Amino acid sequence: MNEHVDACIDAYLDAELSALKKQRVETHLMQCSRCRAQITQRRTLSILLQNIPPASGLKPQEQFVSEVGLQLKERRMPMQSRRALHLGWQSIPVVLLLAWVFIQTVSILSALLAVIPNAEQTLYSGISVSMPSLFGLPELVKSVPGGLEVLRQLGVFNIIDWNWFTSLVLWASIALMYLIWLASWLVYNRQPQFWHAARLETH
Amino acid sequence: MTSSVEDETWLISRSQDGDREAFGELVRLHRKGTINVVYRMCGNASLAEDAAQTAFIRAWQHIPSYQPRSSFRSWLYRIAVNAALDMLRHEKPVENIDDLPIVAVAEKVEDCLEKQAQIQRVRQAVLSLPEASRVALILREYEGLSYQEIANALDISIGTVMSRLNYARKRLMQKLSPYLEEV
Chain A
1 MNEHVDACID AYLDAELSAL KKQRVETHLM QCSRCRAQIT QRRTLSILLQ NIPPASGLKP
61 QEQFVSEVGL QLKERRMPMQ SRRALHLGWQ SIPVVLLLAW VFIQTVSILS ALLAVIPNAE
121 QTLYSGISVS MPSLFGLPEL VKSVPGGLEV LRQLGVFNII DWNWFTSLVL WASIALMYLI
181 WLASWLVYNR QPQFWHAARL ETH
Chain B
1 MTSSVEDETW LISRSQDGDR EAFGELVRLH RKGTINVVYR MCGNASLAED AAQTAFIRAW
61 QHIPSYQPRS SFRSWLYRIA VNAALDMLRH EKPVENIDDL PIVAVAEKVE DCLEKQAQIQ
121 RVRQAVLSLP EASRVALILR EYEGLSYQEI ANALDISIGT VMSRLNYARK RLMQKLSPYL
181 EEV
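Residue numbers (the working numbering), protein chains in the order written: chain A, 1 to 203; chain B, 1 to 183.
Hints are computed from structural coordinates only; laboratory data are not their basis.
Bear in mind the structure is a predicted one, so any value in this text is a computation, not a measurement.
Idealized CB from N, CA, C, for every residue including glycine.
Take these hints with a grain of salt, some might be off.
Straight line, CA to CA, 20 angstroms or less: simulated EDC-like cross-link-like pairs of lysine to aspartate or glutamate [said to hold, decoys possible]:
{"no.": "1", "chain 1": "B", "residue 1": "Lys175", "chain 2": "B", "residue 2": "Glu114"}
{"no.": "2", "chain 1": "A", "residue 1": "Lys73", "chain 2": "B", "residue 2": "Asp17"}
{"no.": "3", "chain 1": "B", "residue 1": "Lys32", "chain 2": "B", "residue 2": "Glu21"}
{"no.": "4", "chain 1": "A", "residue 1": "Lys73", "chain 2": "B", "residue 2": "Glu21"}
{"no.": "5", "chain 1": "A", "residue 1": "Lys59", "chain 2": "B", "residue 2": "Asp50"}
{"no.": "6", "chain 1": "A", "residue 1": "Lys21", "chain 2": "A", "residue 2": "Glu3"}
{"no.": "7", "chain 1": "A", "residue 1": "Lys73", "chain 2": "B", "residue 2": "Glu25"}
{"no.": "8", "chain 1": "A", "residue 1": "Lys73", "chain 2": "B", "residue 2": "Asp19"}
{"no.": "9", "chain 1": "B", "residue 1": "Lys170", "chain 2": "A", "residue 2": "Asp6"}
{"no.": "10", "chain 1": "A", "residue 1": "Lys59", "chain 2": "B", "residue 2": "Glu25"}
{"no.": "11", "chain 1": "A", "residue 1": "Lys21", "chain 2": "A", "residue 2": "Asp6"}
{"no.": "12", "chain 1": "B", "residue 1": "Lys32", "chain 2": "B", "residue 2": "Asp7"}
{"no.": "13", "chain 1": "B", "residue 1": "Lys170", "chain 2": "A", "residue 2": "Glu16"}
{"no.": "14", "chain 1": "B", "residue 1": "Lys32", "chain 2": "B", "residue 2": "Asp50"}
{"no.": "15", "chain 1": "B", "residue 1": "Lys170", "chain 2": "B", "residue 2": "Glu181"}
{"no.": "16", "chain 1": "B", "residue 1": "Lys175", "chain 2": "A", "residue 2": "Asp6"}
{"no.": "17", "chain 1": "B", "residue 1": "Lys175", "chain 2": "B", "residue 2": "Glu131"}
{"no.": "18", "chain 1": "B", "residue 1": "Lys32", "chain 2": "A", "residue 2": "Glu67"}
{"no.": "19", "chain 1": "B", "residue 1": "Lys32", "chain 2": "A", "residue 2": "Glu62"}
{"no.": "20", "chain 1": "B", "residue 1": "Lys115", "chain 2": "B", "residue 2": "Glu181"}
{"no.": "21", "chain 1": "B", "residue 1": "Lys170", "chain 2": "A", "residue 2": "Asp14"}
{"no.": "22", "chain 1": "B", "residue 1": "Lys32", "chain 2": "B", "residue 2": "Glu143"}
{"no.": "23", "chain 1": "A", "residue 1": "Lys22", "chain 2": "A", "residue 2": "Asp6"}
{"no.": "24", "chain 1": "B", "residue 1": "Lys32", "chain 2": "B", "residue 2": "Glu8"}
Some residues of chain B that are not near chain A, with every Cβ distance over 12 angstroms (derived) [as the list claims (entries may be wrong)]:
{"no.": "25", "residue": "Glu6"}
{"no.": "26", "residue": "Asp7"}
{"no.": "27", "residue": "Pro68"}
{"no.": "28", "residue": "Leu113"}
Simulated restraints, written as ranges between beta carbons of each label pair [to be verified]:
{"no.": "29", "chain 1": "B", "residue 1": "Val5", "chain 2": "A", "residue 2": "Arg36", "range": "32 to 40 angstroms"}
{"no.": "30", "chain 1": "A", "residue 1": "Arg36", "chain 2": "B", "residue 2": "Gln61", "range": "45 to 53 angstroms"}
{"no.": "31", "chain 1": "A", "residue 1": "Val94", "chain 2": "B", "residue 2": "Ser13", "range": "21 to 29 angstroms"}
Next up, chain B with everything else stripped away, as it sits in the complex:
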């Protein structure tokens, strides 16, 4: 853990000095997480990749001013979230059929369809949340960021993080109440 943090610190320092190779390593390290944050925001894998690329390009331009007061990950996600919001304002997200997961053949067709329906319903419920609470929920639930990291990433107070998370979860519980009771 410590060694990976040290490695990342070294890569950031090299990138700040203009080392493209080091920045490439940072892209490799954070590619998956960044794409997934954007993907959960917009529900479209292709759009998520484009936004993630834009985010990395912006991060390269601004990495000299990055100060390790907040984690690099939360700094990067902040850029990614804004890149995603910029894209979403210009394009209407379209649900990509390829995004639907391939479920094991061994499962019964009926179970499979039911599971797909449930996933779609949950995904729609998340996408219907207001942007501000959606992004807080995504950073917490999928990326496991602490409240402090979310606060840094969104430039808000911890109290606001808590209220946004509370709001998002309450809304989801209302929308998904049948599934919650089932389970």
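So here's chain A without its partners, still in its complex pose:
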């Protein structure tokens, strides 16, 4: 490594270089008096800076702390409420994902049933005779004469009529809701706060 290490000097002295780069710089320093002189000057500068004493004549610590304490205002929202809100907010994508899985399952089931002849009839009789727990139908409903017929009228078995357009609309709705959530989350996280350092002038 014959090139001078001017660009790495600060990072080297501030211990911010990787082990490999540090070794390269040290190897170079053994051969280059110019770079060694640079390092010495930087170290001297650091010593000069450290010679400036810290602030003196300050208020006693407890006075400072109590003065700050007197000026603290009440919070608008208790932290518990904020946490609950935060948890609710974080659970939105999980709910959307579950909804998506549900729609996917129903679509696949619907497609399968569509290719089976008399599928609706089979499902209906299957529920009433040999699949008592399908869809979690309460035993009570099934024990009532005509109970399954009532459920049918209510559209519980409309699953079979699920077509691709319904799925598409639901997928699009979920995707839209997720995008809105994602955009809000990004805006929330990138929101410039009042102490934003961008106000600092660049040199």
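Mind docking chain B on chain A? Use the hints.
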């Protein structure tokens, strides 16, 4: 070390829940560092104390939104630096005679004066740096923040931290070249 970090995490959590006592402990922990950062920025102890108090009050208001992605210290210094800049824009900093350190009597008067002159010169050189590079230099040289912590505190990239530090040090080396050669 781990225990003090855990303690601080607990204090932050309590403060987020509105515990003023816990926040008071955080103020005690960071009072000195915060005042010194501001003091190095403006060169006036009284102004530095006022800005530090303002910074702690703002920190209390915003601590519920603090997320431990960056260190609490760098988050706090970010607030302190901006509080200091706000104050500096409203007030012209005046060098406080009380800020001059009392040097041991045993030292020779001539040496003492020379040392004082050197300190003043270095201090002036630091204060003459542009705000952006001055604050990066202060956070690194006096508070020992890593490049990543400085980047978090100033909301800039590590590359920008490096260029600001490089700029500040080069400027100081030009201004303080007689002292550098002496040493």
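How the hints compare with the structure:
1. Lys175(B) <-> Glu114(B): holds, 17 angstroms
2. Lys73(A) <-> Asp17(B): Given pair Lys73(A), Asp17(B) holds - Cα atoms ~13 angstroms apart, limit 20 angstroms.
3. Lys32(B) <-> Glu21(B): holds, 18 angstroms
4. Lys73(A) <-> Glu21(B): holds, 14 angstroms
5. Lys59(A) <-> Asp50(B): Answer holds: Lys59(A) to Asp50(B) is near 11 angstroms, not above 20 angstroms.
6. Lys21(A) <-> Glu3(A): At roughly 13 angstroms apart (the allowed maximum being 20 angstroms), Glu3(A) and Lys21(A) satisfy the hint.
7. Lys73(A) <-> Glu25(B): holds, 17 angstroms
8. Lys73(A) <-> Asp19(B): holds, 12 angstroms
9. Lys170(B) <-> Asp6(A): Distance of about 11 angstroms is within 20 angstroms: holds.
10. Lys59(A) <-> Glu25(B): Holds, at roughly 17 angstroms.
11. Lys21(A) <-> Asp6(A): holds, 13 angstroms
12. Lys32(B) <-> Asp7(B): holds, 18 angstroms
13. Lys170(B) <-> Glu16(A): holds, 18 angstroms
14. Lys32(B) <-> Asp50(B): holds, 13 angstroms
15. Lys170(B) <-> Glu181(B): holds, 15 angstroms
16. Lys175(B) <-> Asp6(A): holds, 19 angstroms
17. Lys175(B) <-> Glu131(B): At roughly 17 angstroms apart (the allowed maximum being 20 angstroms), Glu131(B) and Lys175(B) satisfy the hint.
18. Lys32(B) <-> Glu67(A): Cα-Cα ~15 angstroms, so holds.
19. Lys32(B) <-> Glu62(A): holds, 12 angstroms
20. Lys115(B) <-> Glu181(B): holds, 16 angstroms
21. Lys170(B) <-> Asp14(A): Holds - the C-alpha atoms of Asp14(A) and Lys170(B) are around 15 angstroms apart, at most 20 angstroms.
22. Lys32(B) <-> Glu143(B): holds, 11 angstroms
23. Lys22(A) <-> Asp6(A): With a Cα-Cα distance of about 13 angstroms, the restraint between Lys22(A) and Asp6(A) holds, given a limit of 20 angstroms.
24. Lys32(B) <-> Glu8(B): holds, 16 angstroms
25. Glu6: The claim stands: Glu6(B) keeps its Cβ more than 12 angstroms from every Cβ of chain A (closest is about 19 angstroms).
26. Asp7: Answer for Asp7(B): holds, closest chain A Cβ roughly 17 angstroms.
27. Pro68: holds, 14 angstroms
28. Leu113: Nearest chain A Cβ is 15 angstroms from Leu113(B), so the label holds.
29. Val5(B) <-> Arg36(A): 32 to 40 angstroms: Cβ of Val5(B) to Cβ of Arg36(A): about 38 angstroms, so the range 32 to 40 angstroms holds.
30. Arg36(A) <-> Gln61(B): 45 to 53 angstroms: holds, 50 angstroms
31. Val94(A) <-> Ser13(B): 21 to 29 angstroms: 24 angstroms Cβ-Cβ, so the 21 to 29 angstroms window holds.
In terms of the numbered hints stated before, the structure departs from none.
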